[in-house]
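Undergrad: Protein sequences, first through last, are from chains A and B. Quick note on my numbering: the first sequence kicks off at 1 and runs consecutively. Quick note on my numbering: the second sequence kicks off at 117 and runs consecutively.
Among these hints, one or two may not hold up.
[As the list claims (entries may be wrong)] Residues from chain A shown here face chain B by an in silico Cβ test under 10 Å; the list is partial: (1) 43; (2) 44; (3) 51; (4) 91; (5) 93; (6) 95; (7) 103; (8) 105; (9) 107.
[To be verified] Pair by pair, the computed Cβ-Cβ distance ranges are: (10) B:178 - A:15: 42 to 50 Å; (11) A:70 - B:168: 34 to 42 Å; (12) B:181 - A:18: 42 to 50 Å; (13) A:18 - B:195: 42 to 50 Å; (14) B:185 - A:56: 36 to 44 Å; (15) B:198 - A:116: 42 to 50 Å; (16) B:167 - A:54: 21 to 29 Å; (17) B:167 - A:18: 38 to 46 Å; (18) B:154 - A:26: 18 to 26 Å; (19) B:198 - A:62: 39 to 47 Å; (20) B:119 - A:78: 22 to 30 Å; (21) A:3 - B:154: 16 to 24 Å.
Hint data in this document are derived by calculation from the structure and do not stem from the laboratory. A virtual CB, placed ideally from N, CA and C, is assigned to each residue, including glycine.
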Amino acid sequence: AQKITQTQPGMFVQEKEAVTLDCTYDTSDQSYGLFWYKQPSSGEMIFLIYQGSYDEQNATEGRYSLNFQKARKSANLVISASQLGDSAMYFCAMREGLSSYGKLTFGQGTILTVHP
Amino acid sequence: KAGVTQTPRYLIKTRGQQVTLSCSPISGHRSVSWYQQTPGQGLQFLFEYFSETQRNKGNFPGRFSGRQFSNSRSEMNVSTLELGDSALYLCASSHSDGNSGANVLTFGAGSRLTVL
Chain A
1 AQKITQTQPG MFVQEKEAVT LDCTYDTSDQ SYGLFWYKQP SSGEMIFLIY QGSYDEQNAT
61 EGRYSLNFQK ARKSANLVIS ASQLGDSAMY FCAMREGLSS YGKLTFGQGT ILTVHP
Chain B
117 KAGVTQTPRY LIKTRGQQVT LSCSPISGHR SVSWYQQTPG QGLQFLFEYF SETQRNKGNF
177 PGRFSGRQFS NSRSEMNVST LELGDSALYL CASSHSDGNS GANVLTFGAG SRLTVL
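In isolation and in its complexed conformation, chain B is listed as follows (with noise of 0.2 Å):
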């Protein structure tokens, strides 16, 4: 079973510029989740989205907006692009563990971006 893919791997953006990330779960799993992650602020939820529909939302500004497709893939997007928003995006999608029975979140390899 494929897991979860990210793309692109790595990009450079300048600032002011915009970006779309790109994220396809794991066939069969209908919940997307978003997170950033940097050095001085660690891994922060960005956005959750359950057949096509946003569940649940964390505290980023509204240039940070995602959406997911009737196929389950989603993508994410940041606009008017910062210094700061350089980060690892990661895409997880959720599961039920086999052992433990609990709803468990897959990670992909992440979107590495870096703003100029």
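So that you can see chain A by itself, here it is in the shape it has in the complex (with noise of 0.2 Å):
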């Protein structure tokens, strides 16, 4: 069973213009976290966002906050003022449990692109 769906595999924002990009994940742990990566056309992948199970607030980094609805199970990446520079693919990962801090589950991922 997938533990991480991202079910938009391409999605189109207008500058400055606010962008959702969903994630729903499946465990049974009480305890994870749930994170967000971009990766560009260059390949490595940059950490953006975390929000921990028993976090009660949705996680804001800048322009980006997490819509953590946990009964839901849905994590989703809402990415504000969006600017050309975040034309990336987003992956939406989870971690399972306390221990094992490298090993993440990751989506199939969902390519944005912002036009002018």
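With the hints as a guide, dock the two chains, each given alone in a separate frame, to form the complex.
TA: Here it is, written out as structure tokens:
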């Protein structure tokens, strides 16, 4: 069973507008963490934002915010005021449990294209 | 502070050969993880090392192996290469994010392997 699902293969947004990238997850663990990474065409994965399963408030990092709905098991990424440089592949990922920091399960990714 | 360094960045091998990829984590990081990224399977966890010990392993055949040295540098080896091993191999080291306090993976730029 897929643990991280990103249902949007591609998304388009106009520069300066906001966009939401969807992510749903599946886990039986009570403790888990959710991550979003950005991968530009250069290939390097860039960490954007993190949400812990026990965090009551939605995480925010500058123009990025995570819309965490625990009961629905969703962790959508919201990018406000899109910029041309935001065009990239975006991955949602999950770490289950409190140990094994290095093991993340990734979704298939969403390609975001920002139009001028 | 230098980031995660992976060498070589690009390499071409033929079927049946073996390959060794190197990863130097961020100074002070003791955990190193490896991932394989392909268009078909996406990002898949290979293994994680911490203080020279393999802490976790993904679902890959025994042809994929790794090790970590006392200076935290890590290598992964793939023997008897197959066409399907063509991929971007990403290495990551983990640290605590200053804002969220979460243990976050910082990735290198990757080693792109082509098997002919």
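Undergrad: Of the numbered hints stated previously, which ones are contradicted by the structure, given in increasing order?
TA: Nothing - there is no hint that the structure violates, so all of them hold.
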